[in-house]
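**Q** Line by line, the protein sequences give chains A, B, C and D. The first sequence begins at 636 in our numbering and counts up one residue at a time. The second sequence begins at 636 in our numbering and counts up one residue at a time. The third sequence begins at 636 in our numbering and counts up one residue at a time. The fourth sequence begins at 636 in our numbering and counts up one residue at a time.
No lab work stands behind these hints, which were simulated from the structure alone. What you are looking at is a predicted structure, and each value in this text was computed from that prediction instead of being measured. Honestly, I wouldn't trust all of these hints.
Copies of one chain are not kept apart here, so a pair can be met inside one copy or by any two copies together.
[Unchecked claim] Subject to a maximum C-alpha distance of 16 Å in a straight line, what follows is the list of computed EDC-like cross-link-like pairs (lysine to aspartate or glutamate):
#1 912 - 827
#2 810 - 780
#3 669 - 999
#4 912 - 655
#5 916 - 950
#6 912 - 780
#7 963 - 950
#8 1004 - 680
#9 676 - 948
#10 963 - 799
#11 963 - 844
#12 914 - 806
#13 810 - 834
#14 916 - 817
#15 916 - 844
#16 914 - 950
Protein chains: 4
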Amino acid sequence: MKNSFGSSLTVTLFGESHGEMLGATIDGLAPGIKINHEYIKNKLDERRPADKTATARRERDEYRIVSGERNGFTTGAPLTLLIPNENTKSSDYESLRDTPRPSHADYTAECKYHGYQDYRGGGHFSGRITAALVAAGALVAAALEARGIYIGTHIARIGAVSDDSFLELREDELKSAITALDTPAPAFLNAERGRKMTEEILRAAECGDSVGGALESCIIGMPSGVGEPWFDSMESQIAHILFSIPAVKGVEFGRGFGLCEMRGSEANDVYYTDGRKIKTKTNNNGGILGGITSGMPIIVRTAIKPTPSIYTEQDTVSLSNMTNTRLKISGRHDPAIVGRARAVADAALAIAVADMLAVRYGTDWLSGK
Amino acid sequence: MKNSFGSSLTVTLFGESHGEMLGATIDGLAPGIKINHEYIKNKLDERRPADKTATARRERDEYRIVSGERNGFTTGAPLTLLIPNENTKSSDYESLRDTPRPSHADYTAECKYHGYQDYRGGGHFSGRITAALVAAGALVAAALEARGIYIGTHIARIGAVSDDSFLELREDELKSAITALDTPAPAFLNAERGRKMTEEILRAAECGDSVGGALESCIIGMPSGVGEPWFDSMESQIAHILFSIPAVKGVEFGRGFGLCEMRGSEANDVYYTDGRKIKTKTNNNGGILGGITSGMPIIVRTAIKPTPSIYTEQDTVSLSNMTNTRLKISGRHDPAIVGRARAVADAALAIAVADMLAVRYGTDWLSGK
Amino acid sequence: MKNSFGSSLTVTLFGESHGEMLGATIDGLAPGIKINHEYIKNKLDERRPADKTATARRERDEYRIVSGERNGFTTGAPLTLLIPNENTKSSDYESLRDTPRPSHADYTAECKYHGYQDYRGGGHFSGRITAALVAAGALVAAALEARGIYIGTHIARIGAVSDDSFLELREDELKSAITALDTPAPAFLNAERGRKMTEEILRAAECGDSVGGALESCIIGMPSGVGEPWFDSMESQIAHILFSIPAVKGVEFGRGFGLCEMRGSEANDVYYTDGRKIKTKTNNNGGILGGITSGMPIIVRTAIKPTPSIYTEQDTVSLSNMTNTRLKISGRHDPAIVGRARAVADAALAIAVADMLAVRYGTDWLSGK
Amino acid sequence: MKNSFGSSLTVTLFGESHGEMLGATIDGLAPGIKINHEYIKNKLDERRPADKTATARRERDEYRIVSGERNGFTTGAPLTLLIPNENTKSSDYESLRDTPRPSHADYTAECKYHGYQDYRGGGHFSGRITAALVAAGALVAAALEARGIYIGTHIARIGAVSDDSFLELREDELKSAITALDTPAPAFLNAERGRKMTEEILRAAECGDSVGGALESCIIGMPSGVGEPWFDSMESQIAHILFSIPAVKGVEFGRGFGLCEMRGSEANDVYYTDGRKIKTKTNNNGGILGGITSGMPIIVRTAIKPTPSIYTEQDTVSLSNMTNTRLKISGRHDPAIVGRARAVADAALAIAVADMLAVRYGTDWLSGK
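In isolation and in its complexed conformation, chain A is listed as follows (with noise of 0.2 Å):
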């Protein structure tokens, strides 16, 4: 599969950082589906590096769709939509060749693809592929959100500080708080934590450096019963697609990690029920046990590593010469890259989401057909 996720719902992906153009395939889309263009491009702005959190890079990353749409709505057949590069300054990256970034994926790039790779701006490990993961990905969660599924993101940490958490809200409190945070601007749960997570960063930027943090996502409107114990189970697939997003160094469900610390008595999640639904009065499994979804919200927590191209110089290699050197990097870079991924996190869990809905209830689902 490689370049594809998903089996009932598939998504490919193609292009490089300064190349031509990069795009993305939605296969097994239902015929019927709305685009909703709208939701889309406010997704691709909320990735779209906005202040001086981020990059100085600017793309307006106008997305064409030129095949499985017709009249505004998906035909069933494979969806391509193409998103041009402009704003490329292959320059930059010349004198890079010889010599890795440390933490980016030059090294293992040139392990694997014996120097044919496309090293410039990062090629097809660019962050700026995520473009077009999250307009596939925006053009899907629009279809679920028709369907009663909503998911959102927000900044869980940056540095040493956190935000609230999603498990800390009400049920019914959690749609807004969902809502609310589509927005292109870094975007937080509670004001003044954000405020200080952004401190954080601009902090780490005036130094030339950069700094990691933690997105935390949530589902809700998930029907019961989907995902299966081995192996594809709802935990597997979402992990499996948020592992490929460049940075991500950890996945955690509910209360995840924090599991370690916990007793039995303290961290089972407990039933009851009003009569008609059965809920759990906590969530610490984050809405899945045993690989399946349990009608609670989904809650998944992403660690992103710093940006990996900072200022300082650093040591590394010469490949050609096998020798010890050093390197400073010059171009345009994001102080953390925690904010822009909300969006992918978002796209990357609407495919996962969307595929496992398709296999459970056939590929007419998503449509409401």
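Got chain A; can you put chains B, C and D on it based on the hints?
**A** Below, chains B, C and D without anything else, positioned relative to chain A:
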């Protein structure tokens, strides 16, 4: 795919906790691999409950290979191994049918299988199924060792106590550290901390409670250049299989969630060379960059939730009456499964990397022929 | 995927002709399907050698379901069935090890498995493996019948003699014709031609020779709109599984190769309606257009080569000496396998269409719940 | 997978006949393959309508590679090629919307896509999509040639007239025969029979009718030992992709359906050796035994139905009124597509065998590096 994992090397699991037998089929094994039964038995011993930190249910786990083997070598045809169930007490579970156990898969199984699931002992969701996974994975892991690739897992945390980390060991210390973990006893890098962690488990057991923990695994000897940028990154594949193991709620690579608190200047793994090989001074990325192996050790940590079965009475619901009720679980349970899960993590990792290697280098690679 | 077939409903086969047992795992079965053991036994009887037109090796084919079943219904977990091998005479094959039998898989197995393959009785290539396929397929076919989808196969040709064709029957005659084929005896649409075809087999048997033939299968009750234009057309999926059956060398739909000689004006299936349904006057396309079912019966013919095992001495080579030599095959063989292959084709078709239906309508569709 | 084919090397198709553009993404290409644009252009010319035996719609088929290429070599990242549509006359099709054309996919598309399909010119079902398949397959085929594997296809039959067969050629004659087929003109092994077949086409065209035919393809240079017994036999994979080509209704290997009439003593391919290589005296199995290549040439024949578009008035139905009606198709059509389908078969075969080779020998194999 569901109950199968892998592309070139595929493992399929079947069986239920209280069924006649469970088993695994490994397809895509290179012909001519010497089957290392001692290795497999040792790994099954590591998974088997052994002392007071584990359940009182004891089984011999005597596997039988019924296809794909001839004269002690793999034939290249699908290899199926069967493990009979022996020590089942189904009556323990009859009373639980209507009242789902909190944080078990009972309720989500009901949502998915509409009452037809085998609910005895957790059925196909049971940790018992991991016996077949361990046997299959150990068969593969022994073949990987013959190719110079070693995998080992220690208990990294129980409750509030942490073990040392593979990340703190020098590369030349890793192999002996990994080899030392090949023991049925709960295994740690630091004996003193190990004692404390064992005490944590026993303390929870005394209260009829359970406790969570974390595992840390290390893979050494991996060739560089294996994995894909999108979507089949090495992290994606490993997380996919790890998250299908019951009770796993978090997976992180290298420093993982610790990267959220780091600056790029600290987190970046800078390169150096001795003129022959290229390495990084730190391994905060856990041996994977851009989804592709760098040749550095792969380091992955797994969060394991507390065993949901505890002896305290808990809230739950009656599914038939849709009323709130209380539940007291009897039966035999592990106060912590993190110790037994070590062998399961090793097995899962062996399968994931062997598949990626087979995709990369072809279906004969694992045999070295 | 290799030894597995299917996406939403997957069948994995394992076992060797002279191994301990063979089996199949069916994954993705909807929960709550009543397992129709009588149906399965009948289909195994159809596959079993019964008279002089078949091999003297006789086995009871007593399958055992060891997982995925509870109280006679599928649970939704992977269902594994095992069939022990009983009547094996491995000494028959020892002399053949070095001298590959013409048109068997002996030589290609050697090329692929480098001598590690289980060469006894054809090992994993043996027609014996089809017993597990038939059991799995029959379990699925019985569930399809409960959903109104019927599958039947007759011997369409032996040597120079042809049977009538399903294409000549009226739609209302098909169901009884299909039902009449549920018999262990070699089954035909036209009894008189059937006698002649049986004579062809016996004549070949008398000379110690074998003879080829063709099967024609029919599937009625298929919903329209199932299949994909690229690349998973209904024809592609059906041909994929049929071509994995040993000895199958051709597959054609509707008029198949007969279309090469036709003009469009003759070949086109024109539409008509009775005001409620849309049908075609002819069915030269065999119920599939653009890879998608039209609701007309699916008609597919399969070419089966003559059993390669004959009693005449044949040219071959010594693999160890790389010299030319001669070979005389003893052992027990079918003079024609086309009769026994009927049940195998039915099983393969059941699996292929059930998978396509599960992809289209979701994983619960087959149970009708 | 749907619109994707392949496991290690995957091709995804997108686009509609009258959309903005069509295209293909090839994923899993080894890095460092020199892209042979002349080869690709020649194959596109072979597919392009050229003379009176083909449609009057003429397009330049100018493909553009927008990702996965750098400096004329593959990078190893997914390679996407785009082909704009130019010469579309959508008004030709407006009248057809309600009245499905017999033996086209119009009606089954309606069943599957509920009216949302792009019905203009057959949309995603159109033979036009094969331009992208040919470009992708030709790129792969050129790489296979560099590895010593040659593929060629001739018109084996039109109406009642048959060409010679690859099965009658000596092995040393095959390469030049295959090379001679690299021409945009309808190509045959026997010029005299070729003239007669061309006359058959022209005679059908004069009547406003169309005619069916068969293709015969040959692959030489295939290593032995490639393919799987169950279910991914070499025949299964090849048939899978061939049956997704519009108008293909039959696929046979070696003697194919001719084997129905043969005795084992005639049909068996006996072995011989010159002391270095092992070959068979005949090739009735078409180079594949037990699903695995033997090293003999792969021979496969494909039945192509007559072009459904004919100028005669035909019966059909009105979908909106559910009444019977008549239809006269105008527009531009091929009286026989078998000639243009040669390049399509070559492309499909290249993709199928390159994928099987990549699975067998790893993802770098195709580049020879």
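**Q** Evaluate each hint against the coordinates.
**A** Hints and how they fare:
In this assembly of identical chains, residue 912 and residue 827 lie within 16 Å of each other by CA distance neither inside one copy nor across copies; the values are 36 Å within and 48 Å between. Taking CA atoms no more than 16 Å apart as the test, residue 810 paired with residue 780 passes inside one copy only; the shortest distance there is 11 Å, against 45 Å between copies. Only within a single protomer do residue 669 and residue 999 lie at most 16 Å apart by alpha-carbon distance; the minimum there is 13 Å, versus 27 Å between protomers. Neither within a single protomer nor between protomers do residue 912 and residue 655 lie at most 16 Å apart by alpha-carbon distance, with minima of 52 Å and 35 Å respectively.
Taking the shortest alpha-carbon separations for residue 916 and residue 950, only the inter-copy value of 10 Å comes in at or below 16 Å, while the best intra-copy value is 51 Å. Taking CA atoms no more than 16 Å apart as the test, residue 912 paired with residue 780 passes in neither setting, with 21 Å inside one copy and 36 Å between copies. Taking identical chains as interchangeable, the C-alpha atoms of residue 963 and residue 950 lie at most 16 Å apart only when both belong to the same chain, with a minimum of 9 Å there against 60 Å between chains. When the C-alpha separation of residue 1004 and residue 680 is checked against a cutoff of 16 Å, the pair qualifies neither within a copy, at 30 Å, nor between copies, at 42 Å.
Taking CA atoms no more than 16 Å apart as the test, residue 676 paired with residue 948 passes in neither setting, with 37 Å inside one copy and 48 Å between copies. With identical chains, the CA atoms of residue 963 and residue 799 are never at most 16 Å apart, being 37 Å at best within one copy and 34 Å at best between copies. Taking the closest pair of Cα atoms, residue 963 and residue 844 come within 16 Å of each other only inside a single copy of the chain (12 Å); across copies the shortest separation is 54 Å, beyond that limit. Taking CA atoms no more than 16 Å apart as the test, residue 914 paired with residue 806 passes inside one copy only; the shortest distance there is 10 Å, against 48 Å between copies.
Proximity of residue 810 and residue 834 under a CA criterion of 16 Å is satisfied in neither setting, with 28 Å inside one chain copy and 43 Å between copies. For the homomeric pair residue 916 and residue 817, neither the shortest alpha-carbon distance inside one copy (28 Å) nor that between copies (41 Å) is at most 16 Å. Taking identical chains as interchangeable, the C-alpha atoms of residue 916 and residue 844 are never at most 16 Å apart, the minima being 42 Å within one chain and 19 Å between chains. In this assembly of identical chains, residue 914 and residue 950 lie within 16 Å of each other by CA distance solely across copies; the values are 11 Å between and 53 Å within a copy.
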